[in-house]
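Residue numbers (numbering that gives the first Met the number 0), protein chains in the order written: chain W, 0 to 241; chain C, 0 to 233.
Among these hints, one or two may not hold up.
Claimed, not checked - Label-pair distances were calculated between CB atoms; the ranges are:
| id | chain 1 | residue 1 | chain 2 | residue 2 | range |
| --- | --- | --- | --- | --- | --- |
| 1 | W | Gly13 | C | Val63 | 19 to 29 Å |
| 2 | C | Arg231 | W | Ser22 | 44 to 54 Å |
| 3 | W | Gly230 | C | Leu217 | 41 to 51 Å |
| 4 | C | Leu68 | W | Gly230 | 51 to 61 Å |
| 5 | C | Arg139 | W | Asn187 | 34 to 44 Å |
| 6 | W | Glu53 | C | Leu61 | 18 to 28 Å |
| 7 | W | Ser177 | C | Arg139 | 25 to 35 Å |
| 8 | C | Leu61 | W | Gly13 | 18 to 28 Å |
| 9 | C | Gly233 | W | Arg102 | 21 to 31 Å |
| 10 | W | Arg102 | C | Arg139 | 13 to 23 Å |
What the hints assert, rightly or not - Residues from chain W that face chain C, not an exhaustive set, calculated with beta carbons under 7 Å:
| id | residue |
| --- | --- |
| 11 | Met0 |
| 12 | Leu52 |
| 13 | Pro54 |
| 14 | Leu97 |
I should point out that these hints are in silico values taken from the structure, not numbers from a laboratory.
Ideal Cβ positions, reconstructed from N, Cα and C, are used throughout, including at glycine.
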Amino acid sequence: MLPLELDQITFSAGGTTIINGISARIEAGPRTIILGPNGAGKSVLMRLCHGLLEPTGGRVVWHGARNGDVRRHQAMVFQRPVMLRRSALANVVYGLQLAGKSRRESELRAMDVLEVVGLEKQAHRPARVMSGGEQQRLALARAWALGPDVLFLDEPTANLDPASTQDIENIVNAIHASGTKIIMTTHNLGQARRLGDEILFISNGRLMEHSPIDRFFREPASPEASAFIKGELPWHQAGGTG
Amino acid sequence: MTDLGEAFAAAWALVAGLDSGLAGIVMLSLQVSLSAVLLATLIGLPLGAAIAVERFPGRQLLIVLLNALMGLPPVVVGLLIYLLLSRAGPLGSLGILFTPQAMIIAQTVLIVPIIAALSRQTIEDAWREYSEQLRSLGARRLSGAMTLIWDTRFSLLTIVLAGFGRAAAEVGAVMIVGGNIDGVTRVMTTTIALETSKGDLPLALGLGIVLIVLVILLNALAAVIREIAQRRYG
Chain W
0 MLPLELDQIT
10 FSAGGTTIIN
20 GISARIEAGP
30 RTIILGPNGA
40 GKSVLMRLCH
50 GLLEPTGGRV
60 VWHGARNGDV
70 RRHQAMVFQR
80 PVMLRRSALA
90 NVVYGLQLAG
100 KSRRESELRA
110 MDVLEVVGLE
120 KQAHRPARVM
130 SGGEQQRLAL
140 ARAWALGPDV
150 LFLDEPTANL
160 DPASTQDIEN
170 IVNAIHASGT
180 KIIMTTHNLG
190 QARRLGDEIL
200 FISNGRLMEH
210 SPIDRFFREP
220 ASPEASAFIK
230 GELPWHQAGG
240 TG
Chain C
0 MTDLGEAFAA
10 AWALVAGLDS
20 GLAGIVMLSL
30 QVSLSAVLLA
40 TLIGLPLGAA
50 IAVERFPGRQ
60 LLIVLLNALM
70 GLPPVVVGLL
80 IYLLLSRAGP
90 LGSLGILFTP
100 QAMIIAQTVL
110 IVPIIAALSR
120 QTIEDAWREY
130 SEQLRSLGAR
140 RLSGAMTLIW
150 DTRFSLLTIV
160 LAGFGRAAAE
170 VGAVMIVGGN
180 IDGVTRVMTT
190 TIALETSKGD
200 LPLALGLGIV
210 LIVLVILLNA
220 LAAVIREIAQ
230 RRYG
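Construct the complete structure from the given sequences, taking the supplied hints into account.
Written as structure tokens, this is what we have:
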């Protein structure tokens, strides 16, 4: 699948340019963090990469794409997990069956990943009555079960307490260790430091810099990034998610 | 007042005694309205789901039309089906005017818009919530729609019950296409209308009691289903 190349991609909606001519090459291996303030366009950029949105200009190219469905080799976990009204196990099985796996194979695989994320005892509980942290772990399990080459995570811990956040971060690292490329958005500097190997810093729909994590925090190249790191947010967008 | 009291007492005796004339009328009513709701569900649910997830020219117009058709006056539906099925009409050769089949067709036409419009709304709301996740997992529109129908099944069941309530309570359509023939096409509502005008209050009141109890039971059932589903599945 990788590298993923963004070639001058632009996205506009309703007369507003949300992503403005971003070019970048994302290689296999390092955990990539898309960092930026709320409203910068992080989530939209991720949806463009994943194919949920079509760019209004430019191209998204998967250079290592094998024959077949590009989407099948990617998965995404959203800020707010969307669970079907069925058991935790059935939610994981659902994704596997859409990917063409047999029922029996799906159930075995689903039980395996539920165990890895610590939800094996809850396998038969209805997914929607689980806590926010459990639902997000389940969302990770559902994505991981598909064995994606690339996993997109859109602010996966934004609504969670510190303990649940740590669970999620541990699982993300385990998924990384299993060989899946991690691409994650966050506006949380601590999380970026803990989980990131390289940073794509986005501000106002533009890519301000793309650098290894150490260098980004030691010597940010753009005034926006250094202001963001210092916590001096010159942006005034209220609420919303990037 | 004593007349009214006597009528109530007589009505109660008919209901409590499972009077055979009354029971026959109730059974035919249920048969007609349940058949109509089944047919209307088979047509209206996929229609509602398709409109909810598909994007096509004229979609908004269709939604407005469907919503407007929810308020179709039963007598107008009855008249249209009457014209279609009457001897000179395009479907006159079927020879089903003044039969329960004609009544089922009329009630189906009456409640398809209700089931289609309400399920469209329910499924579209769910689609808004789920669509990114489902598309991310590789669901296409059709498989996504099937997933949504299953996931909103309890809300959809409430809609179907509402459709049944409407069918069981309407009088205009079945009166016109059924003809209110004793023992053949006489249902609860048409009997109530006829017996009231004839002055035979006990039978009319007895049927009225059954009809009201039925409507209350349906609503209670819908509430219980919702409650259980909410508690078990969130």
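Going through the hints against the structure:
{"no.": "1", "hint": "W/Gly13 to C/Val63: 19 to 29 Å", "verdict": "holds (23 Å)"}
{"no.": "2", "hint": "C/Arg231 to W/Ser22: 44 to 54 Å", "verdict": "holds (50 Å)"}
{"no.": "3", "hint": "W/Gly230 to C/Leu217: 41 to 51 Å", "verdict": "violated (59 Å)"}
{"no.": "4", "hint": "C/Leu68 to W/Gly230: 51 to 61 Å", "verdict": "holds (58 Å)"}
{"no.": "5", "hint": "C/Arg139 to W/Asn187: 34 to 44 Å", "verdict": "holds (35 Å)"}
{"no.": "6", "hint": "W/Glu53 to C/Leu61: 18 to 28 Å", "verdict": "holds (26 Å)"}
{"no.": "7", "hint": "W/Ser177 to C/Arg139: 25 to 35 Å", "verdict": "holds (28 Å)"}
{"no.": "8", "hint": "C/Leu61 to W/Gly13: 18 to 28 Å", "verdict": "holds (25 Å)"}
{"no.": "9", "hint": "C/Gly233 to W/Arg102: 21 to 31 Å", "verdict": "holds (24 Å)"}
{"no.": "10", "hint": "W/Arg102 to C/Arg139: 13 to 23 Å", "verdict": "holds (20 Å)"}
{"no.": "11", "hint": "Met0", "verdict": "violated (15 Å)"}
{"no.": "12", "hint": "Leu52", "verdict": "violated (10 Å)"}
{"no.": "13", "hint": "Pro54", "verdict": "violated (16 Å)"}
{"no.": "14", "hint": "Leu97", "verdict": "holds (5 Å)"}
This entry does not satisfy hints 3, 11, 12 and 13, going by the numbered hints stated previously.
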